[in-house]
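Q: Residue numbers (the numbering used here), protein chains in the order written: chain A, 9 to 267; chain B, 1115 to 1403.
If you are wondering where the hints come from, they were derived from the structure by calculation, not from laboratory data.
Computed from a predicted structure; not experimentally measured.
Ideal Cβ positions, reconstructed from N, Cα and C, are used throughout, including at glycine.
Incorrect hints may appear among the rest.
Said to hold, decoys possible - Reference excerpt, derived from the structure (chain A facing chain B, CB under 8 angstroms, subset only):
1) Tyr114
2) Tyr141
3) Asp193
4) Pro194
5) Phe234
To be verified - Computed footprint of chain B on chain A; a stretch qualifies when at least three of its residues, placed anywhere within it, have a C-beta under 8 angstroms from a C-beta of chain B:
6) 85-93
7) 133-140
8) 170-184
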Amino acid sequence: MTQLPTSTNKKLGLVIDLDTCVGCHACVISCKGWNTENYGAPLSDQDPYGANPTGTFLNRVHSYEVQPPNLKDGSQAAAQLIHFPKSCLHCDDAPCVTVCPTGASYKRTEDGIVLVNEQDCIGCGLCAWACPYGARELDAYEGVMKKCTLCVDRIYNENLPEEDREPACVRTCPAGARHFGDFADPDSNVSILTKERGGMDLMPEQDTKPVNKYLPPRPKDEAPEFDVLAPYLEPIAQDAKGFVGWLDKALSAMPGGSK
Amino acid sequence: MHPAPSVIIFTTFSGLGFGLLFWLGLGALQPTGWSAFIWFGIAYAMAVGGLLASTFHLGHPERAIKAFSQWQTSWLSREGICAVATLVIMGLYALGALFGTHIGPLGFLGAIGSLATVFTTSMIYAQLKTVPRWKHWTTPAMFLALSIGGGALFTGLIYTAIILLIVAGVMQYFAWTTGDTRLAESGTDLKTATGLGSIGEVRAFEPPHTGTNYLMKEFIHVVGRKHAEKLRMIAMGLGFVLPVILLLLPFNHVFAAIAVLSHIAGVLTLRWLFFAQAEHVVGLYYGKR
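Only chain B is shown next, with the shape it has when bound in the complex (with noise of 0.2 angstroms):
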């Protein structure tokens, strides 16, 4: 899949920015005045900065009111009417706490309200059965992970972040190696495709067209993955070794905001790896993957 910038952005930050949303519910932090200013609009800003990224890549971005009518069958409809009724809600818990009250049952619903946003963008991906790669449980659970345990570190509660952030880089490890294999076992390759499996083996020869096109451009991303190996090391050291040995040493301003980067960066490149090492199986007829 073509590992498109403002899907990349979007998945991480909005990510980022429900997990904090997520421990602010929670009451993990209770800010009061200009610092719940502050907790709440960092927050906010890569929530609403991650919704608003992934509305670069629509065609019709005026259009995207109607996308909130389709819930019944529509994963990215369910998430847009999440992520409105959170940020909602979480606005009327800022609000409160503007003001010195923190109110309990409202911070709990919109904490519950964070990680159904990030559990429905997950299975925008998980859903599709077009990438074998995303079909399968680790990707809600990635996407999860990621977002409570970078929410932990955001907040600073040291010890649920380091264990989330070792939670998560096992769990990605186990997604990366076991994603690998997965468009082959999923049953699906050139003979199915064409059909043509029956007379024996099928090659694709001529392509429909000299040049390229959409379905190429978007499904077909080969460049970059040659590095796929490299890559996934720079991750789990940015991602969760860095963060979590930095969470470790004595607490100091200066490490909790490199672990904070230093972590961002490592979402950033996992995130880019989930998109270009995905294969849509529209690639078989073109002999691609």
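Bound-form chain A, shown alone (with noise of 0.2 angstroms):
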């Protein structure tokens, strides 16, 4: 059924550290990996090794560069590199399930995990149109959306050890930047990181409700003045002598030199 349940039983979900990630990519090809070989149709690849490769993956690592406001002194302040990776949210008030016509899209009441019944899409793509995240993918080869199950076919697989029991995504990130757990437990240690680090919801005005969350980049650190003597200090290394001075000389006096 198309309508979402008022509440879920539990609320399983990602954290993704934006402070951590490095940007590897290794959650979207473990997540491709395993979600090629097990629930579900495959995600296809069309022309993977031609000029125009192109296929389907329910997670993808985009970069972003911000730059903050200029420093106190009026200099420009280091621009960041931000490695943000993207996967369904499981939002809580998922547009894209109320859009089905078939029910093929539906959100699970006992853990909130919103998943496809492929054998019900019709792939009209509705449910593509009304994420605002870009989570769900039609695939080209199956004519089916696809979308994360927050690899539902591994945290309660009883045949892996329990370690493995969490999506692969998270399994695999060597940077620990990815979180697995309940947000409907207040102890659980994806609410704990939530409170602690002030995880955040994207494009809130949305009103998705969004499950997952995102911990922004801690501030940077700044370079502290361990020398209260510093400032008053003649720098060691004004002019250069010997061969470099001479060459410092001779080329700052040639037509276009600098001074």
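Two chains, two frames, a set of hints: combine them into the complex.
A: What follows is the structure, encoded as structure tokens:
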């Protein structure tokens, strides 16, 4: 049914730490690997070794440059590069579910995971239109909508060793930037992380109430001035001496040379 | 948004088809016998042809029957139900007309159903918060005005058509000009999309891949937007100005036919713009619109 549950027993989801992510794309690859070989239709590629390769991915890593405002002394602050993994946020108010005409899309009452029943999907694409995050991709070969399942076939899978019963992206992340847990439990790892680090929603104004939270990058350290006398001391090397000093003077004297 | 031909053909022709059924149901024309066959044939060809065209973009059209089940939440499901119910009701009305009787209440019900079908079609787009340009009352208003205006033009209701086409033209101008700023007014930008706006200015530095993907092909359409101003004038001229001028001239079957064809070409153009100019917020993640 495409009616959203009023509440779910658990709220399983991810915390993604933008401070820790190094942008290695290992989560992208492990996600593609696991989800191609397991639950549902494989994630196909088109022209994978040709000039215009495309394919279906449930998790993609963007990179953004953030330019902080100028420092107090007027100089420009160093820009920051932030790697940004993005997959389904398993929203509480998932607009992708309610628009589905066939009931293929649904949100589970037991754990809040948003899934697609691929046998019912007609591939109309409207759920991808309704998702502001680009979390759903229509597979070009299978003609059905693919999305993150939160590795529903891993997290409850008793055939796997216990440490593997978490989403493939979390299991593989070498930087420990991804965390999996139950947001309905205030004492879970993800709830504590969210509280301590100010976990945020993406596009809160879209009113989707995402379950997944993003931890903002911590403020960058500024190198402390460790010597109180340093500002009063003359710089040591003001003028180069010897051959380099001659070269500096000679080049500066040439037309167009910098003084 | 990607202006897929199947969806442009669907919205244009099913809109006109149901607009024609609306006026036939109201009894604006009361054809019988062969004449009824031709009139209802034209209406059904457009309405059903449009609906069939819409199935071409489905990944699994053979499962389309399942789309009638989720009317409680899904506008797409509601549209399917309204369309089939209206076609059945108007089919019975048309059957009566073939044999010389016009069952008034049935036609009235069919007219209401025609409006409901066009309205539910428009709400598929107007409901999407992810496309701020569409999420506005002008979207259903335009779909309805174009449908009954085009229907009146087909039916030969000259004065009704003139008034409705002028109303639709003015409303389209309003929808375009107000729609141009709606993404900026929605409050969604790269800062809220990434949550990084509290640090400073955010710029998309590197996309997740070297090529393209489904999302970029479906939601980020750039080619052709640069001709938008010219296309708007063409759509205005063909869709509204020329048909109204032709209707104001002394009646002539050739003029009427040109007015109808010109209107269809105009609506196809503005429907193309409706999709091509719509900006989906997911484009922000790629630093595009």
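Q: Each hint should be assessed against the structure and marked as holding or not.
A: Taking the hints in turn, this is what the structure says about them:
1. Tyr114: violated, 10 angstroms
2. Tyr141: This hint holds: Tyr141 (chain A) lies near chain B, its Cβ roughly 7 angstroms from the closest one there, short of 8 angstroms.
3. Asp193: The hint is violated - Asp193 (chain A) has no Cβ within 8 angstroms of chain B, the shortest such distance being about 24 angstroms.
4. Pro194: violated, 22 angstroms
5. Phe234: violated, 26 angstroms
6. 85-93: holds (count 5)
7. 133-140: holds (count 7)
8. 170-184: violated (count 0)
Hints 1, 3, 4, 5 and 8 from the list above are not met by this structure, while the remaining hints are.
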